[in-house]
Each structure stands twice: as structure tokens, then as C-alpha cells.
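Given the structure of chain A, go ahead and fit chain B onto it with the hints provided.
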Amino acid sequence: MAKFAKKKDGDLPAVSTASLPDIVFMLLFFFMTVTTMKDSSLLVENTLPNATEIKKLEKKDRVIYIYVGKPTQEYQKVFGTEPKIQLNDKFANVDEVGSYILAERAKKPQELQNVLTTALKVDKNANMGLIADIKQQLREVNALKVNYTTYEGNAFNNLQ
Amino acid sequence: MPRRKGAPEVNAGSMADIAFLLLIFFLVTTTIETDAGLDRMLPPMEPPEEDVVIKQKNIFTVNINKNGQLLVEDELMDLKGLRKAAMDFLENGADGSCNYCQGRKDPASSDNPSKAIISLKNDRETKYSTYITVQNELVGAYNDLRNREASKLYGRDFTDMEAEYLNPETPSSVRDDLKDKVKRVQDMFPQKLSEAETSTN
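Listed in order, the protein sequences are those of chains A and B. Per this note's numbering, the very first residue in the first sequence carries number 1; after that it's consecutive. Per this note's numbering, the very first residue in the second sequence carries number 1; after that it's consecutive.
No wet-lab data here; the hints were simulated from the structure. From the three backbone atoms N, C-alpha and C, an ideal C-beta is built for every residue, glycine too. Please note that the accuracy of each hint is not assured.
Distance windows between CB atoms, simulated [what the hints assert, rightly or not]:
(1) B/171 / A/153: 30 to 36 Å
(2) B/114 / A/111: 47 to 53 Å
(3) B/124 / A/140: 41 to 47 Å
(4) B/119 / A/113: 48 to 54 Å
Under the rule of at most 25 Å between Cα atoms (straight-line distance), these lysine-lysine pairs were calculated in the BS3-like manner [unchecked claim]:
(5) A/145 / B/121
(6) A/56 / B/66
(7) A/145 / B/57
(8) B/181 / A/70
(9) A/56 / A/145
(10) B/84 / A/55
(11) A/145 / B/5
Isolated chain A (complex conformation):
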């Protein structure tokens, strides 16, 4: 009668973990490919404004970044609370922007030097006066392509 041997009760079959490394490796490769290492730490507050009509900044190697904003809490004692410019890892004055752009441009390969974009990452509480000075500097070194980096979102949220 007992053609089919009854399974012993309470004995769960073991789940095979043999493919676990494969799964983990798959995840690993995903994160390895999408990772970009942070290259400079922010010294300024940097809450970007929102905009809807935005274009993506493709190709990171063709972008020069300029950060503007109020110094963060720990630097406020030394640098005050007026918005400042951050180039690479240090604070800078407006008149250093031009030479910074030229120096960064010289570091890039020849064929990219004419297609560089300057990404302005400006805190939304900064004043236009400082931005106008930066723009003037950029015009002087002929870095005319700029990108006002923003978050994606309703632009009218900026006004609150």
C-alpha cells in the first residue's frame, strides 16, 4: 500500500543558497557601474532652486563646477554668513573665478576644451549681484556655456 513513502513531518527542505553569490555579484556590478565618487566636500549651503524646463548634464568630464552659497555652520565663524564662492575645496573671491576656469580648462584634453560647460550650483538664497559678477568673469575668459543647476520641481515653489 505504501507505494509513496510519506514525508517525515516537520522537516523543511533546505533552500539552496548556491546561486546567492551570483545574485549578490549582479547587485555589486550594478552599484559599481552607477557609482560616482564624491570629489569635493561642500563648504557652503547648497539648496538648489527648482525648475521644470531642465536639461541633463551629460558627460561629467566636460563640466566645471562652481558652488555658491552661505558658508556652512562650522565655517560661519571665520567666513561670516554672506554667500561665498567655493572652487574645488576652498573658498574664493570673485576675481579668482576666471583663473580657476582657465586652470581647469587647461587640465582637460585638447578636444574637450572648446565644449566645456560651467555648472553653477547656487544656493537659492544667494543674491544676483554675486552671480552677475561670476557671469562677468566667465565672459572674460570666454566660458560662455553655463548651466544653472537646479532640482526638478515646480518653479513656483522657489518663491516661498
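Same frame as chain A, but now just chain B:
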């Protein structure tokens, strides 16, 4: 002498642990972000050779004061109405040569989209967020008009086509095809947005 067996099997049991370790490292350091923003061109330093005479009616002036209020064509305006006003100005088409414009053909406003210029001025104390909102609305006015024409001509949005054209992963055959289309729509409403130096008063 005993015969050697094949190479001894390596225990792969700890492979998962090693992979997990790496995975966690990359998980922590990852920031998935592609920056995006408003692309603009600054005017070159050298002034153009000859002076171009531009009729006053072809210029759409936008002034932002330090409190974030807008003065559009010498009238106070709310930011929400700016996009509509800019679109009306751009596609006014007073000289009748623009056959795709749907404007009112008001003789006191712009002649043709290719002649229409938007002039943006701001105060030194204007807040950056206000400035970006205004820029966004003005670029949006151009994009809305271009989208309308692109969907009439090619059945899809201009911004969509442009994004695909600029995307480096798009195959070059598709890109060549898009290039002409994008160019054609851009030429229908060329973006002429002038930014004068900021005023101090």
C-alpha cells in the same frame, strides 16, 4: 607513488561574504545623480561689429526688482502670467510672414518670431531663486511653442526629441534624423534671450 587527483576543489562558500562586503561598500558610497539644470549661453565680451537697430516693439522687457516683483513691458505682472505673456509676444507675427503663428497680429507687438527678443534685467539684490523662476518661465514659453509646432509636424514633443538628440546613447542614425527636425523647430522660434548687466538702483 599514488596517482595524483585533479586539482583540489577551492571552497567557494565564502564567495558570498566577499561579494556582500564589496556590495555594501559600493552601496554606501553611491550617489546616483545626474545633474540637470537650465542651459544658457552668455553673451560674448566683444560687441558685434555693426550696430543693429532693433525696433522697440520687437523687444519684450522683463525687469525684476530686489523684492522679486516683475515689471513686464512697463507693467507690473504676476509671475504666473509671465509664460502666457511671453508666448503671446513671441508668436504675435504682426508682419504676417509667419504662417504657423497663432498670435493676435497686434501691430504694437513683435513682427516675427525670428525678430522677437526677450530682454531680462535684474537687480543686484534680486534673489537667485526668483531669477531662476523667471528664467524657467521664459525658457518654458519657448519650449511650449516649440512643442506645439513639433507635435504638428512630427507628432511628438520638441523637448522629447531634443533630449533624445542630446543623449549620447542614442544611435547615430537616429541622431542624424533628429538633427534636422530639431534644427527646423528651433529655427521656427529661435531663442533670443538677452541679459543686460545688472543695474544697481
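The hints, checked one at a time:
1. Checked against the hint of 30 to 36 Å, the pair residue 171 of chain B and residue 153 of chain A passes, with Cβ atoms roughly 32 Å apart.
2. Checked against the given bound of 47 to 53 Å, the beta carbons of residue 114 of chain B and residue 111 of chain A, roughly 33 Å apart, lie outside it.
3. Our hint of 41 to 47 Å for residue 124 of chain B and residue 140 of chain A is violated, since their Cβ atoms are close to 19 Å apart.
4. For residue 119 of chain B paired with residue 113 of chain A, a C-beta distance near 31 Å fails the hint of 48 to 54 Å.
5. As the CA atoms of residue 145 of chain A and residue 121 of chain B are separated by approximately 19 Å, the hinted pair is consistent with the 25 Å bound.
6. Between residue 56 of chain A and residue 66 of chain B, the direct Cα distance comes to roughly 30 Å. Violation of the 25 Å bound is thereby established for this hinted pair.
7. About 29 Å separates the Cα atoms of residue 145 of chain A and residue 57 of chain B, which puts this hinted pair outside 25 Å; it is violated.
8. With a CA separation close to 44 Å, the supplied pair residue 181 of chain B and residue 70 of chain A exceeds the 25 Å bound.
9. In summary, the hint linking residue 56 of chain A to residue 145 of chain A is supported, as the alpha carbons are separated by about 14 Å, within the 25 Å threshold.
10. A C-alpha spacing of about 22 Å is found between residue 84 of chain B and residue 55 of chain A, which places the hinted pair at or below 25 Å, so the restraint holds.
11. Using a Cα cut-off of 25 Å, the hinted pair residue 145 of chain A and residue 5 of chain B is violated, with the two alpha carbons roughly 68 Å apart.
Violated hints, listed in ascending order, are 2, 3, 4, 6, 7, 8, 11; each of the other numbered hints is respected by the structure.
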